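Visitor: Respectively, the protein sequence lines represent chains A and B.
Letter 437 of the first sequence, counting from 1, is numbered 450 in our numbering, and no numbers are missing.
Letter 348 of the second sequence, counting from 1, is numbered 361 in our numbering, and no numbers are missing.
Among the hints, erroneous ones may be present.
For chains that are exact copies, the list does not tell them apart, and a pair is met inside one copy or across any two.
Quick list of in silico lysine to any residue cross-link-like pairs, SDA-like style, CA-CA up to 25 Å [claimed, not checked]: (1) Lys479 x Pro118; (2) Lys51 x Val154; (3) Lys392 x Asp343; (4) Lys102 x Asp452; (5) Lys138 x Asn40; (6) Lys334 x Ile70; (7) Lys62 x Ala164; (8) Lys65 x Asp76.
Just so you know, these hints were derived from the structure itself, not from any lab.
All figures in this text were calculated on a predicted structure; none of them were measured in a lab.
There are 2 protein chains.
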Amino acid sequence: MKVHGLPVKRQKWSSDFGEWFRDILINAEIMDYRYPIKGSGVWMPYGFKIRKNVLQIIRDLLDNSGHSETLFPLLIPETSLAQESAHVKSFEGECFWVTHGGYDPLKVRYALRPTSETVIAPMLKLWIRSHADLPKKLYQVVNVFRYETKATRPIIRMREVEPFKEAHTCHTSAEEAEQQVNEAIKLYKQFFDDIGIPYVVSRRPDWDKFAGALYTIAFDLLCPDGRALQIGTVHNLGQNFAKAFGITYETMDGSQEYIWTTSYGISGRGIAAVLIAHGDDNGIVLPPKIAPTQVAIVPVPYKGKEEEVNQACADVATKLKEANYRVELDMRGDLTPGNKFYYWELRGVPIRIEIGPRDLANGVVTIVRRDSLKKQTWKMDDVVCAVKRFAEEITRDLRTNAAAWMKERVYRVNSLGEAKTLLKRRAGIVEVAWCGKEDCGHSLEEAVEARLLGFPEDTTEKVDGKCLVCGESANNIVRLAQAY
Amino acid sequence: MKVHGLPVKRQKWSSDFGEWFRDILINAEIMDYRYPIKGSGVWMPYGFKIRKNVLQIIRDLLDNSGHSETLFPLLIPETSLAQESAHVKSFEGECFWVTHGGYDPLKVRYALRPTSETVIAPMLKLWIRSHADLPKKLYQVVNVFRYETKATRPIIRMREVEPFKEAHTCHTSAEEAEQQVNEAIKLYKQFFDDIGIPYVVSRRPDWDKFAGALYTIAFDLLCPDGRALQIGTVHNLGQNFAKAFGITYETMDGSQEYIWTTSYGISGRGIAAVLIAHGDDNGIVLPPKIAPTQVAIVPVPYKGKEEEVNQACADVATKLKEANYRVELDMRGDLTPGNKFYYWELRGVPIRIEIGPRDLANGVVTIVRRDSLKKQTWKMDDVVCAVKRFAEEITRDLRTNAAAWMKERVYRVNSLGEAKTLLKRRAGIVEVAWCGKEDCGHSLEEAVEARLLGFPEDTTEKVDGKCLVCGESANNIVRLAQAY
C-alpha cells in the first residue's frame, strides 16, 4: 500500500510520474496490471466505480444530444476491414487476428476491432434508405484491441483498450458532417470541463490523421512529466467509408447520394486523465461528481467517549445520505484514525469529516478537503450545507488549478533552438509559426525531436511570423510536444 | 415491419415460434442479426435500452448482496486455459483462437474467453492472502465467445454471447460455498420473478455439468414451441480451480488451505426470456419495470379539435413524467393513430393512453393495456393513479399467466412410451422416476429422444416409483425435455 515518495509540487513529478501512475492504480485499487497478458488490465471494484461514474457523464451528454447507445460485434471479417484502403493499410499491422474456431481454421480470418467504422458500415448500408433516416447518431462503449509494439502502460497504452466510447454519425451533406464535428468538440469540452481536465484542441497534421478520415481534431492533456497525452479525437470521415461500403440514401428529389460520416472517441484515457490532472503525492483526487465515495466520515474516539463519537458520526452519515451524498462511515476497528485518513486520501475521496470528543463538545465537525488538505470546523447542524459548499469549491478549484498549471506550460517561441531546448527538457507544449507545408512539418518534428500536435482549433489567433524551417511567411501557429 | 401472422393463442405458436422470434427482434428494433459474421448480432437502440434495464435489475440484486462489479480481460493465454484439465477439455474445441498480433505469430495463442474462471483465477491468486480476504464476491458483464457448431439463433445461441453476466465467488469452506450456491439461486429466482419469467430449477446430471464444477444447478424456461431453454446456471466449483491455480489462504490457525469457489451466470437469454415468455401475435410485451417506454400517449384528433386534443395529451405526458414514468408523447404527423397503436404494441409498451375529442369532452382518457389489449376509460385527473394501478396489474398478470402456461406443461408420467409421445410432440417438460445411475440416464435420453434436465431443486418431493429403464425402485424425479 506504499505510494512512492514523490515531491508534492506537481511540476517536480516529471522524473517518476510513470512510476507514480503505475503504483497509484494498484495502491488505490483502480486497475491491476499484473494479468498474464501484456497490455491487459483488470478494473478492480473501486476503479470500476470511478470508470462507471466517468462514463455516465459521457453517456448523459450523448443521450441528451440525440445519440443512441448500441452494441456492435467485436469481430471483423478481414474482407470488411479491407474495404476502405487507407483504413486497412493503417490497421492491419496493429490487429489481433482470430484464425481458428475450435480445431478448424477459419475461411476468412477475423480482426478484433481496433475501432468500429468497418463493423458499423455494413449495418448502416442496411439501415439507411432515404433522407428520412438521417441524421443518425449512434455510440457504443466497448473494448478495442491494438497490437501495440511500443511499450504498454496501464490505461494509457493498452493492447486491450477498455473502455472505448466511440460515436458514429451519418449525414446528408458535408456541411452537416462539419456541424457534427463541431458538436462533438463542444460535447467533449463539456465532458472534460465537467471533471476539471484541461486540454488543448488541435487539428492533427495530415500524416497523423485517423486512417480514412478527411481530418482529425484531437484533445491533448499535458501530463506532469511534460508529455502530451491524446485524450479524445473527432474525425470527419467525409464520404470515404460511404463510398467504400456503398452506403447511399435517396435524396428529396429521388436521386441516390453517398452519406457523409463522422466518428469520435474517448478511451480509458478519459479516466486516466482525471487521475493524472488532479493527483498528488498522497494519491488520487476525485472531483465529487465522479467520486464513488464523496464523503468519508472518520470517528476520532477517545477513551470513554467512543459511543457518543460513533453515534455523532452515524448521525452525520445519515443526514448526508438523506441529502443524496455517497457516504462511507468508516467504523473499522482494526485501523487507527491516521490509517483511515491515509486510506481515504489515497483513494481521492474529496471530503473527509472527522469527529472527536472536542468537536462533539463544541457541536462541530472537522471537515478536510482532499485537494488542499485544509481543515475547517463547522457547526454540526450545518454539515449538509458545508458539504455542498466544499463539493462546489473542490470541483471549481480542481479545474482552475489544473488549467492554470497547464496554461503556464504552453510556450510561444520564435526559434528552433528555443523550441528544441524547451521540448528536450519536456517543459510543455511549444507553439511556433509554420507555413503548413508537409515537408516543413516533418523537418520541424525532426529538428526539435518532438511530435507535431497540429493547428490550434481552440483559438482563431493568427500570427505574423515566418516558418522556422523554410523561412516563408506563416500565419499559422502549430503545436509541438513530446507525446505519449 | 411485418410481424408474421401467428395465432394469438400461445400454445399454437410451436410451428413457427423460431420465425416469430427472429422477426420480432428486427421488427421491434431489438437486435439486427444480419451482421456478416454468423452468430454475431447488433443491439439496436431500442433493444439496447431493454438490455440495460434488464441488466440493471441483476446489477442491483448483486450490488445489494455484497457483490462488486469488475472487468477482466477478454484474452486467455492457452497456458491458463489448460490449467484445469476438465475445463480445457470441454472448452478448447469451442474457443475462437487468436494466433497473430499484426504480422507476427504469437508465442502462446490466446482464446477469446468462453467464460472467465481461468481469467480470474490468476488474479485471485494475487489478491487472496488470508481468511480476512474472504469471502470475495465479484461479477462482470461482458461478451463471451463460443465456436458453436450447432445452428446459431439470435440471442439464444450466439457465437458472440452478449451480454454475459458472470459472478465468481471465493470462500473458506465447502459449507460457505454451498451457502453461496443457495444465495445465487435465491437471487436468480428474484430476478426472474421480478420480470415475470417462469422456470424450473434442476440439478444437471453429472455428464452435463459445467466443466470443472462439482455440480451445476440450472434454470430452464419452457418456450412456446415446447422446448426448454436454459436461462441461468449456478456452479459449485469446489476446490478444483483453486488447486489448478494454487490459490490458497492462511487460516485462523496459520496453515495454508485451498479456497472454495462458485460461479454463476445469466446471458442474453435472460433478455430473450422476457420476449419469449410474454410476447404475442402483436409483438413483444414488456413488464413496466424494464420497458424503455412505459406509457405511450397517442392523440386521436378530429378536425377542428387538433389543438385541444394535442394539448390534453401534452398535459397528461407532463403529469406522468413528473410522477417519474418513462413516457413517449407520439406527435408524429405522418402516421395515423392506428399506425401508432401498432408501432407501440409491436414494441411491447405496457400502457397506451389515447385521447380523442369525445374523451376530452368527458374529461377522460382511454387506457389500453398491452398484455390484454383491454381498453378502459378513466378520469383525466386520476391518470397518474390509473397508470400506477395498471402497471402493477400488468406486472402481476404477466407473471401469473406465464407461470400458469408453463405449469400446465409439466407432466408426471410412469411409462417410457407416454414420456416419448409427449416429448415427441414437444408437449413440455416430462418428469419420471429414475434410479440415478448414469447408464440408466443415458438410456433414458436415448429412449425418449430428449435431454435430461436433471433432478428438481425447487421441490423436495420424493416419489415411490421404479426407474423406467432398469426397473429398480426409485425415489427421485428427473426432468426431461426437448432442449435448445
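Visitor: Which numbered hints turn out to be false for this structure?
Guide: Structure breaks hints 1, 7.
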